[in-house]
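**Q** Chain residues, written in single-letter form:
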Amino acid sequence: MAYIIEMLNITKDFPGIRANDNITLQVEEHSIHALLGENGAGKSTLMSILFGLYQPDAGKIRIKGKDVRVTDPNVATRLGIGMVHQHFKLVHNFTVTENIILGMEPRKGPIIDIRAAEQKVEAISKLYGLAVDPRAKIEDISVGMQQRVEILKMLYRDAEMLIFDEPTAVLTPQEIHELMHIMRRLVEEGKTILLITHKLKEIKEVADICTVLRRGKVVGTVKVADASEEQMAEMMVGREVSFHVAKGPAQPKEVMLRIENLNVKNNKGVLGVKNLSLEVRKGEVLGLCGIDGNGQTELVQALTGLTRIESGKIFVGDTDITPLSIKARTDLGLGHIPEDRQKHGLVLDFTLSENFVIHNYYEKPYAHWGILNPKAIRENADRLIREFDVRSGQGGDTPARSMSGGNQQKAIVAREIDRSPKVLVVAQPTRGLDVGAIEYIHKRIIAERDNDKAILLVSLELDEILDVSDRIAVIFNGEIVGIVNAKETDENELGLMMAGSLRKNVPPARQSETSASVQGRNA
Amino acid sequence: MKATLILEMFPIALMFASPIIIAALGGLFSERSGIVNIALEGIMMVGGFAAASVTVLLEPSTPLAPWIGLLVGIAAGIAMSLLHAFASINLKANQVISGTALNILAGGVTIYLSQIIFHQQRTRSFSNGIQKMTVPGLSKIPLLGKMFFIENYPTFYIAVALVLITWFLVYKTPFGLRMRSCGEHPQAAASMGINVAGMRYIGVLASGALAGLAGGVMVLTADIQYTIMSIHGTGFIALASLVFGRWNPFGVLAAGLFFGFSTALSFYAKDITFLAKLPSEFFYMLPYIFTIVALIFFAGKSVGPKAAGEIYDSGKR
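Residue numbers (the numbering used here), protein chains in the order written: chain A, 1 to 523; chain B, 524 to 840.
Bear in mind the hints are in silico, worked out from the structure with no lab data behind them.
Where is the CB? At the ideal position from N, CA and C, for every residue including glycine.
Simulated DEER-style distance windows between Cβ atoms: (1) Pro677(B) x His344(A): 55 to 63 Å; (2) Gln174(A) x Val826(B): 25 to 33 Å; (3) Lys422(A) x Leu809(B): 54 to 62 Å; (4) Asp349(A) x Phe821(B): 26 to 34 Å; (5) Pro659(B) x Glu139(A): 43 to 51 Å.
All chains should be modelled from the sequences, with the hints used to inform the complete structure.
**A** Laid out in structure tokens, this is it:
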């Protein structure tokens, strides 16, 4: 069998870490080859070497049997290698077409022939089933469509080998499904795909061959058809992984978080959360599920104080927190694991140690008489890094920006859970994380529950909601359309409620001691 | 009576508008490529000084002296902006600080050179700057002819031509698309094989050329010599026009005209009955007050190139 891409004995060192250790990867033509590994296993580094963003310290690359030196991305492009970056590289106020042709513009005399460009974009998008509007501006289109633009950029440059770097991390389940379809189509049309991921489900669904990396080394290469998800997970993590969280029944106690008739406007100026009431008790996880954009973000931001509310009340214990500042809410015992970890979770240009004490840097032992105590801050970081297995090149001194997404998330989870707040609002805690990390974070959430904390878990992943929650509230169009026990429901029922076609046990507008909360108890 | 007054204001308003427009176009090139250039003022001073000096020195030998002066002004502007490009692109210096340094440097350098060349703190005065002209044919158009084509400085036509050229380059050519991408999302541009540093050099040097030209235009039309006060903040007004004009060449044209007229107003206010009672110093303040007011009202709403002023780091996520 002919290999189209061969990376032989690749080694790459970074300060403090050997990212790739003698890695050999061989990819067959017209196949989807998955590269599986935990966050920080060296997948992205290896692909960056293939794409010419980094130079390997040792080893060589062969494309179609010929030795090549990929010195920069332009060389990769000429060789027919294209990359869909995890963080899209699109100019927000350019049109779809402008983004695609940038750097390779068709001309009519000195002028860009935008008409011809649009026609070519349309033709390619039809051929591969990538629906886009060539004239739309990037800032106006969905994330899924932005990703299709990234794919079109490569196809426009006649790439034969396509690297997808964690392509599903930012997509909704529907968009993921579409993407899988597109990848199959690309292979049918003669392309070869390298898929970087840590999602086993997707590999099972779409890939032919899978190479597993762990801590910079190749653990093995398997045919996907012959391997089970469990086997691949074990190879990746290096131990057996359970996909389900082991947990005892919840012991819910008194109400700790109470939301009464809450109204919040979204960024378009209309009500994103409408007259919403909800209660979360000590010692339970309430899962909030819904299709993206049905008011989850607005609700979470209202709870944590990131956005203004129109009306309604929010109580933590007996305290009405609606007039309180974000800081006052945090001090009162409200923890937040935000949806957008880079925007609201971390100061990206601070080090990991500094990010860990971002709430309580002014308290003893981190500060004395208004002067920071670097030793205590450092020790705190070392402890959290150890305890939560946060991987970073230079330990506590690592700038948050340079860490992988999964490890950034672990750092936030470590900081918030370590404070052990009375109420923990958790939004999308495992988006973009590998199974090992997901398992760990789920365990910590359950541990907090068993520690008598009230937890509101907001997630778009139904598996996660069903697995971790004790009760599930479904949000549709800014309203709660159902509250059910996790044990007594399934994906189908939740799916119907998420689409707005089924209502169940909806709490009345004015909440009293009875109604919704009562059903929360697992007798 | 008022209508004739407005017509009378045109030549002087266009005279002031021209350097503002040209310098703002310079700022446009620079910021579109991703480098904030607040040194427009300083570059204008250097350009104005160079143009005035060359005019004074060549006047006895050629009637083309002012035009040669303008060319030398352009060259001086490019040389000056090279410092800014090197500091902000190669050394990754803070662009505001580098620009401020150039603005301070410009005052010193021009006066120092004046002292050496002319043995005084300003250039000698030239006898003829750029001459006003009447465009044959076009001046016969009713109203418009009176506004734009009778007894006007040709520098205004240069400014308008530059607006058109800039618009064409920035919005119609591959060069423009690439330059704008460097100002919006340099990482994306680099991933498409575009040389971000090279594009930014072109942007900054173009701003130097245009601001140098603007300085020359200003001194050779509105002044009789170069002094430290010749430019008096016009570079900053140009920056305001860039914001006010939303980083668009035609917007810049409109904003430049607005500021040109507000400057002209300060000369004519004494002829307008209801304004005449106010002290004349008040009207000299007007262009600057309008600048602040325009910035307050428009700065928040207008969105400039996203990455302008940011230090380019190819590894940033």
